[in-house]
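Novice: Sequence:
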Amino acid sequence: MNEKMIALIRKYALWLTVTYGIQFALVKVAYQFNYGFDLDNPKYIVVLIQVSIFVMHTLLNVITAFVIKRDKDKFQIYTQYVYLATVLFRSLGVFAFLLYAFFSEQPAKQSPEEAS
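The sequence shown runs 16 to 131 under this note's numbering.
Don't read these hints as lab results, they were simulated from the structure. Treat the hints with care, as some may be off.
[To be verified] Computed beta-carbon distance windows for the label pairs:
| # | residue 1 | residue 2 | range |
| --- | --- | --- | --- |
| 1 | Phe48 | Lys26 | 30 to 36 angstroms |
| 2 | Gln47 | Ile21 | 37 to 43 angstroms |
| 3 | Phe110 | Glu18 | 28 to 34 angstroms |
| 4 | Tyr96 | Phe39 | 40 to 46 angstroms |
| 5 | Asn17 | Val44 | 36 to 42 angstroms |
| 6 | Phe81 | Ile60 | 27 to 33 angstroms |
| 7 | Ser119 | Lys58 | 45 to 51 angstroms |
| 8 | Met71 | Gln95 | 25 to 31 angstroms |
| 9 | Val61 | Leu31 | 25 to 31 angstroms |
| 10 | Glu18 | Leu74 | 29 to 35 angstroms |
| 11 | Asn17 | Ser106 | 21 to 27 angstroms |
| 12 | Lys26 | Ile68 | 25 to 31 angstroms |
| 13 | Phe39 | Phe81 | 18 to 24 angstroms |
| 14 | Gly36 | Leu103 | 17 to 23 angstroms |
[Claimed, not checked] Okay, derived cross-link-like pairs now, DSS-like style, lysine-lysine, Cα gap no bigger than 30 angstroms in a straight line:
| # | residue 1 | residue 2 |
| --- | --- | --- |
| 15 | Lys84 | Lys26 |
| 16 | Lys43 | Lys87 |
| 17 | Lys26 | Lys87 |
| 18 | Lys19 | Lys43 |
| 19 | Lys58 | Lys43 |
| 20 | Lys89 | Lys26 |
| 21 | Lys19 | Lys89 |
| 22 | Lys84 | Lys19 |
All C-beta atoms, glycine included, are put in the ideal place defined by N, C-alpha and C.
Work the whole structure out from these sequences, hints included.
Specialist: Shown next, in the form of structure tokens:
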């Protein structure tokens, strides 16, 4: 494993830790924000909180996809469906990107003709 892969793993480990920390904090704030509403229908508040949590989660996933796109272009890594996986589930997209980066760095194995 070379320095580029170690740097990418460190970067995305820190990135996932920070984004999940932000998401956790925003969820806690959203549920605490519940007490600020004086509405007659508490179901409305629950739906509003759930929608805001979903929007925040999706926004963090899209931002992560843009970070992956920047690194993909910077390091010339060929990927398939990584952006879609990242938007749907952040950890899966980052893991898939790191796998693509790892296997694009592996030296080509010798062909059977060269070995004999």
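Novice: Hints the structure violates: just list their numbers, smallest first.
Specialist: 3, 4, 16, 18
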